[in-house]
Amino acid sequence: MIKLGTSFNRFSDQDKLIVELAKEDSKAIQYILKKVEGSCLQFIKKMGLTSDCLEDVMHDGLILFIRKIQEGSYDATLSAPQTYLTAICKNLFLNITRAKRAVSTIELEEAFHTYSEDVQASFYLKENLKLVNKILGEIGSPCKELIQLKYLDGYQDEEQINLKLVNYSSVDSLRVSRSQCMKKLSVVSLKYKSDYEN
Amino acid sequence: MKTEDIERYVNNELTGEELKSFELELENNVQLREEVAQMFLLVKRLKDKGLSNKISLEQRRLRQYRKIRIIVYAATVILGLLLVFLLKNSKQEIQYPMEGHQFPADSNQMKIIPLEDSLSPEILIPVNESDSTSVNKSSPPIAQIKNKEFGGNSMDLAMEFYFEPRDIVYVRGQGALSGLDSAKLAFNNEDYNKCLEILSKLSLNKPYIDFFKANIYFKLEQYNRANILYSLCLSMEKDQFKKEEIEWYLLLNNMACGPKCKPSSSHLLKLILSNEDHSYFKNASNLQKSLLNR
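Those sequence lines, one after another, are chains R and F.
Position one of the first sequence corresponds to residue 0 (numbering that gives the first Met the number 0), numbered consecutively onward.
Position one of the second sequence corresponds to residue 0 (numbering that gives the first Met the number 0), numbered consecutively onward.
Covered, in the sense of this in silico footprint (three residues per stretch, anywhere, with C-beta under 8 Å from a C-beta of chain R), are these stretches of chain F: (1) 5-16; (2) 28-42; (3) 48-58.
Calculated from the structure, these hints are not laboratory results.
For glycine and all other residues, C-beta sits at the position ideal for the given N, C-alpha and C.
If we strip away everything but chain R, and leave its shape as in the complex, we get:
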């Protein structure tokens, strides 16, 4: 726990935290989750919600926040990362309670991004995560593993070869196989998309 505390010190610098969050660094994720948890808990108590939804909302809120950092739509000069993430989470909590009128109670500093934007993004995120679970389950082995290593676990192609995580001797052969898998995945996802639309 001491180790955790000392490694957290580096995030006291806001810019460093933003950079690490953009890289999806585990420690930075842990740090901001810890920082925001208290204020979110207070908020859900105030709204009369149970803490059951806390983790789910913080999970979705953090994905949205990290994507905003990566896309460049988050402006650190307007709000601190913790404040911004708290505001996203509050919007998502409000969506749960359907108490939209309570938006006016959010401090001005936090109210620079709209309620509907976050709620909509969260909705699409949830749908997409469900879809990925389905299509990955459908394409089966070895495509599932190849795609998982690259996109879910974040291994580079060279790393996968060097660590012998795949049965390919060269990066090129790995890429060819995976691209076939991606094609397959795309077809399956289109099928599900049309199912949704219907």
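Put chain F on the given structure of chain R with help from the hints.
Then chain F, alone, in the frame of chain R:
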């Protein structure tokens, strides 16, 4: 265009000439643009899933840290309570009821010192029973004749009649040539702590050291400790003159001890007064007179 190049383009893995030619093709090929858009969307979804897994993992870790923290806190509290409990108990074991200074005693003494400020009957009456039979049992206890309180006054009286035993008196002008001289000098200077420290290091005969220590505890008003040591010396002593000296000091100690030790002091006073040849008969007579006058 190879399918893997589309994926590489979406993942920003194309560089230099490869990138240039791909972008050129992208401008002119509508179908490729659609494929790239589709790949973008797919990769984005997969990356969201990756990030989602990562956040879930960190949330699980945080939950574990929280659990560990609760366990550590609980363990610390339990250990703390246990420590307090043990400390409290150990304090009770070495707590002496007397007020005033407290000095470390050796481990043997620690075991025999009672917790409460009272003396057990077998310690209080160390003199042999045959001697006591010669005393007229019908007469009331001397100490009770006038001094009903037998408390603070008797302590003052005991102090009044107390003078340092010849064996432990420091002779002025004499240098501290040995450890014993140093102990005597410390006793003379009323530095009882130092005196006890020196005595504990000396390898002289035990009865003498015990007698010396008994006098120190008497001075420190730790009467039950002094009583134990005086009684111990008395039971070990063979020399009659020395025995009578110890009886006298034991009498003074029990008088100073107060009402709790009254039976023992009365008994000792009677014992000394019943024997005109006792070395301290005169002192005891004077003590009795003083008691009667008060």
